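*Asks:* Since the structure of chain A is provided, determine the placement of chain B on it from the hints.
Protein sequences, first through last, are from chains A and B. Numbering (this note's numbering) for the first sequence: 1 to 299. Numbering (this note's numbering) for the second sequence: 300 to 602.
Rather than coming from a laboratory, the hints here were simulated on the basis of the structure. Predicted model only: the values in this text are computed from it and were never measured. Any given hint could turn out to be false.
What the hints assert, rightly or not - Covered, in the sense of this in silico footprint (three residues per stretch, anywhere, with C-beta under 8 Å from a C-beta of chain A), are these stretches of chain B:
id : region
1  : 305 to 311
2  : 324 to 334
3  : 421 to 427
4  : 489 to 500
5  : 539 to 545
6  : 568 to 582
All C-beta atoms in this analysis are idealised placements derived from N, C-alpha and C, irrespective of residue type, glycine included.
Spelled out, the chains give:
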Amino acid sequence: MSDSASVRATPVEKERPVKERPGPLDYMRRWPIQAWLIAVTVFLYAPLISLMVFSFNDSKRNVVWQGFTLNYYAKALTNSSLIEAFTNSIVIALFSTVISVIVGAMAAIALWRFRFAGRTAFDAGMAIPIVVPEICMGVGMLVFFAKIFPWPQGLPWPLNLGAIIIAHVSFSFPFVAVVVRARLASFNRELEEAAKDLGASEWRTLMDVLVPHIQPSLIAGALLAFTLSLDDFVITFFTSGPDTVTFPVKIYSMVRFSVTPEVNAASTILIVVTVLLTFLALKFQGTSALTAGHGPEKK
Amino acid sequence: MEQSWRQAKGLFAALMSAPLIWLVFFFFVPLGIVWLYSFGENRGLIDIAFTGTWSNYAKALEPLYLGIFVKSLWVAALTTFLCVVIGFPVALAITFSPDKWKPWLLLLVMLPFWTNLLIRTYALIAVLRSEGYVNQTYRFLWENASGLMTLIGLQPLGTFQPLELLYNNFAVVLGLVYVHLPFMILPLYSTLDRLDRSLLEASLDLGAGHIRTMFSIVIPLAGAGIASGVLITFIPALGAYLTPDLLGGTDSQMIANVIESQFKRANNWPFGAALCFILVYLTFIGIAIQGLLDSSAKKRGMA
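Here chain A stands alone, though its shape is the one from the complex (with noise of 0.2 Å):
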């Protein structure tokens, strides 16, 4: 990394005298690719950005602005539907990240230290939740809640929800493995031997030099299971029933009757929490949060 970053700095250092003229490679400084950057930013950031200053709007009709107004804040706020929808996502969140980050760890350590027959088979099965298209998971999983394994109705709240956790701990915790696997190419292996040298048990070893040298790995983890679970539309879609509604699929119904700014409200207040948890991540891993089970670490 090192290396590569002095390469990178030379050529801004070079050209430091002459002003006007970027470097060979200083694309960033030409304005065809400023120009692209900006297109690209404003196509990304332009329909969110509209969405939500269109949630403080006072027309009910969301086109013209006509004014500011904190109505439809209220107006979700006090929609009792929308708040359960919404609870029941953030309990799900949390509990599918704990059950992933504890699997997904416990898997990628297994994965990291041992050798054992079927090692590739059980690696490439953790692969396959990651790559299977979302359709065919939610389709298997409302099969398997249907007919194998039926989640018992009626049950109190949040005992309910659990067919719908164990789906999206399906899903997640090979994600969290990928993170975690990650960070543990970077453990020093003799550090374990030397705990164990020094008369400390396996399980000692595990849990006072492992676990905190992964940490960071699972604190990044958490909160891309914990996004993932918030995020997921389709494979709740199959396995949520009528009392089991999650923020996405309140939405999306509410999306399909039509166009209000209640919707925008609602979808404003996620986004908000979406972009702290963002900044969270940043603030606990770094950048390299930023690029976590999608980026370079995936293989």
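*Replies:* Below, chain B alone, put in the same frame as chain A:
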């Protein structure tokens, strides 16, 4: 070194138990049942008999469904292509930007990606619908132009017709590009960032232009990264459910929508299961092709 599992049986069993059980019971069993159903037949309303028939797969090859498969492949390919074309310059800009900007530029790309898919799709609906922001702007321009025409003594433009931007294939492709662009930019960035810059400088020094350097140096070297970006974009685009469902019209159904309707409305689970597994097989074929390309690229790198 890795330990053999025999050296710490207890720990190994403790670590492996939960992931293995979860993976098998809550992932492979559900998919396995769907796979079995794809060889089954409907008996009555809720009973499905496993008869080992191939008729569901045969039905999937009927022109109607084959057409939807071809269309889905085509839409996913077009989406992927547009993502490469749009995303490549962005990845390039991020790669060669000053170090202190990089995290912020990456954040700029990733922030929409972390936002809920449904909300992003909904935001697009608000932009594209006939009273949406695009059409509002268009109408404003149209009416002003029309007024201007009357002012200078020409025929006015006639009544305003909103552009039909929503509920068609255009909206589906636009929505898929909108949703998947960050998927493409990240792998592109991570390959471009690892490129040996001196090769680019050499090419420029030896007189090749920037465009030529791109096509004969950067793109061949970044081949593996482009291929992985293509795969990461193509697979979810092929199986997309929400985007064609919300943005598409009656003729823009993709495979996922047909699968959903077989399981929910048409109640023909065996046929839906067969469609589902064709989609899974297509995904695996994509991954296998990418794996082959990747290993041949590595071999070339070695030689």
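*Asks:* Three or more residues of the region 568 to 582 of chain B near chain A by CB distance under 8 Å?
*Replies:* Per the Cβ count (8), the hint holds.
*Asks:* Quick one: see if chain A covers the region 305 to 311 of chain B, three-plus residues with Cβ-Cβ under 8 Å.
*Replies:* Three-residue rule met by the region 305 to 311 of chain B, so holds; n is 4.
*Asks:* Report holds or violated for chain A covering the region 539 to 545 of chain B, Cβ cut-off 8 Å, minimum 3 residues.
*Replies:* holds (count 3)
*Asks:* If you look at each residue in the region 421 to 427 of chain B, do at least three have a Cβ nearer than 8 Å to any Cβ of chain A?
*Replies:* holds (count 6)
*Asks:* Take the region 489 to 500 of chain B, compare each residue's beta carbon with every beta carbon of chain A, and decide whether three or more fall closer than 8 Å.
*Replies:* holds (count 7)
*Asks:* Using C-beta distances, would you say chain A covers the region 324 to 334 of chain B, given that this needs three or more residues below 8 Å?
*Replies:* Per the Cβ count (8), the hint holds.
Of the hints listed earlier, there is not a single one the structure fails to meet.
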